[in-house]
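Taken in sequence, the protein lines are chains F and W. Here the working numbering is used: the first residue of the first sequence is 1, the next is one more, and so on. Here the working numbering is used: the first residue of the second sequence is 1001, the next is one more, and so on.
Read the hints as simulated data drawn from the structure, not as lab findings. Note that the Cβ used here is the ideal one computed from N, Cα and C, for glycine as well. Treat the hints with care, as some may be off.
Among the chain F residues that face chain W by a calculated CB cut under 7 Å, a handful are [what the hints assert, rightly or not]: (1) Leu-111; (2) Arg-117; (3) Pro-138; (4) Val-143.
Label-pair ranges, simulated between beta-carbon atoms [stated by the list, open to error]: (5) W:Gly-1019 <-> F:Thr-139: 51 to 59 Å; (6) F:Val-171 <-> W:Ile-1213: 34 to 42 Å; (7) F:Asn-153 <-> W:Leu-1244: 24 to 32 Å; (8) W:Arg-1177 <-> F:Tyr-38: 39 to 47 Å.
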Amino acid sequence: MAISALVLFHLAAVFVAALRVPPVSELAVRIASAVGWYTDAVLVNPGYRFFAPDPGVSHMMRATIELPGGATVEETYPDLNHQWPRLLYHRHFMLTSRLADAPADPVAQALADSYARHLHARHNARRVRIDRRVHLLPTREQVLGGTPLDHENLYVSPYNSPVGLWKSEPVFAGVMVGSQLELRVRRDGAAALTGRFRGQSVNTAWRWQPGPPEGMLSVRFIDADGTQACSAEWPEPDVLVLLYPAGGGTERVPMRRERPALAVYPEEAP
Amino acid sequence: MRLADRLGRLCGDYFRELGTATLRGWDRFWFTPADPATFCLIRLLAGLMLLYTHLVWTLDLEAFFGPAAWVSREAWPSSGHGPFAWSYLLLVESPALLWTLHIAALVVLAMFALGLASRVTSVLAFVITVSYANRVPAALFGLDVINAMLALYLMIGPSGACYSLDRLIARWRAGGRLPPPEPSISANVAIRLMQLHMCIIYLFAGLGKLQGISWWDGSAMWLTIANLEYQSIDMTWLAGWPLLLNFLTHVTVAWEVSYAALIWPRLTRPIMLALAIPLHLGIACFLGMITFGLVMLIANLAFVPPAVVRAVLGESVKHYATKGTPPVPLPA
Chain F
1 MAISALVLFH
11 LAAVFVAALR
21 VPPVSELAVR
31 IASAVGWYTD
41 AVLVNPGYRF
51 FAPDPGVSHM
61 MRATIELPGG
71 ATVEETYPDL
81 NHQWPRLLYH
91 RHFMLTSRLA
101 DAPADPVAQA
111 LADSYARHLH
121 ARHNARRVRI
131 DRRVHLLPTR
141 EQVLGGTPLD
151 HENLYVSPYN
161 SPVGLWKSEP
171 VFAGVMVGSQ
181 LELRVRRDGA
191 AALTGRFRGQ
201 SVNTAWRWQP
211 GPPEGMLSVR
221 FIDADGTQAC
231 SAEWPEPDVL
241 VLLYPAGGGT
251 ERVPMRRERP
261 ALAVYPEEAP
Chain W
1001 MRLADRLGRL
1011 CGDYFRELGT
1021 ATLRGWDRFW
1031 FTPADPATFC
1041 LIRLLAGLML
1051 LYTHLVWTLD
1061 LEAFFGPAAW
1071 VSREAWPSSG
1081 HGPFAWSYLL
1091 LVESPALLWT
1101 LHIAALVVLA
1111 MFALGLASRV
1121 TSVLAFVITV
1131 SYANRVPAAL
1141 FGLDVINAML
1151 ALYLMIGPSG
1161 ACYSLDRLIA
1171 RWRAGGRLPP
1181 PEPSISANVA
1191 IRLMQLHMCI
1201 IYLFAGLGKL
1211 QGISWWDGSA
1221 MWLTIANLEY
1231 QSIDMTWLAG
1241 WPLLLNFLTH
1251 VTVAWEVSYA
1261 ALIWPRLTRP
1271 IMLALAIPLH
1281 LGIACFLGMI
1291 TFGLVMLIAN
1301 LAFVPPAVVR
1311 AVLGESVKHY
1321 ATKGTPPVPL
1331 PA
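Generate the whole structure from the sequences, applying the supplied hints.
In structure tokens, the structure reads:
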């Protein structure tokens, strides 16, 4: 009887743990959480969604490492030429696959920071910079047309966060005489807008929050008293349109940033 | 008799029979003693896979488990594992101690694979497997999931009852004459758990794919082939065979989704197992995951009856036939 009860409990726990992968109901989450102490402890908690919902692109990373002597080396992970046997290569591939949602996802970003620290210690480096590298999948037609799988156009570096230093576009400064703005968006949620707007000095500190997930990517900037000071649309990874309140309406301030690193060690302000 | 009484009686009879049949079936399914041949073969193969998996960590041990690991101990709490995950490796700071424990782990895993002191080494193998996996959750993939599952269930039964040094030693102690291992309830429970766990794995693997467009429009197989980081053998020549790619995609999903149902009947089980071979060998040979492909095939062995295992290995099954119990009872 006791063994039957244990067997039933175990199988039910394995089932609900597998069920927990999003999208998932609140009921499944609650039951899976209730048996989490068990499924975590015996490691039967993965979701088993192999190559699902769709086989995806490869998430890789490029590390730029400044050595103590001043030389700089670049390493790409994963790299079949340097990680052997295949299982060791695959371990590195899994490490970089976890960066898919960085820096927007705190877990992925914590991993990116940790990887930078590891490479810093491993090479006794002065500085390590990690950049995302996504390897897109060619279509059948592209391959039939002669595109190799490692064609340079298939490698991109998207950055899915507003974190970074943004500067207003010169064309905007030309229209808005006496205007030049810099927006510094930090990973810790702090944001600062400085510069001049129509000849007037601007120096504002905000908190920032990502906008709702549906529709165009957007950012909200919150005042110290909790009210929304302004917002921004964020149509492309390196383009942001600040909707700045002015004269009873809003001015659209197009801004562009230099590509930020996914992680830098020793850390520095973005 | 009134209609309501007659209906009540029919319902009562039905539920009584349902309860009795369920309990009888449950007992037969879980608690019929089984020949441990399949279970022990899985120990041998899974043990070798565990040994290889952990042997490969040796090549970059400190980078994954040392003080300045890829996933540092500071980053570990937020590295994506469950809140109750544990690992003795988190307590290790000194590289010397790390290497000592690692060598000890390899020795234990080698003993387990060979079936030496298997009752003890099976428990230690599970502790080792979970500890390594939990220390670097960011580097895990399907191989580790199946390794951990097999190690968990291999603790339950007499995994050293055959194909083991334990068996050789027992035979030597008995003067070279030792009867075949007795059918075992715990071997049956362990095999049953493996079987049901495999059904859950494939069910969710298949259902997860049904959420994706590419598994419906038939392009998923191309997307796996076109991924250079997975590729171990270039199969992009299939770009010119779109209908074949569609077919392979649909077969994969259909097989995974139906596995939990069709693996049980006697007639469809061989077909499902036969299809597992090209599927997992394909993953092993073309998608660069040799270890994952092989460990899935090892786990599928749970559905191979011990009589088949013994027949393939050229052993006699007479001992088990005379016991009056089938080696692995199949559900009615």
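### Task
Any hints from earlier that this structure breaks? Give me their numbers in increasing order, please.
Of the numbered hints given earlier, the structure breaks none, since each of them holds.
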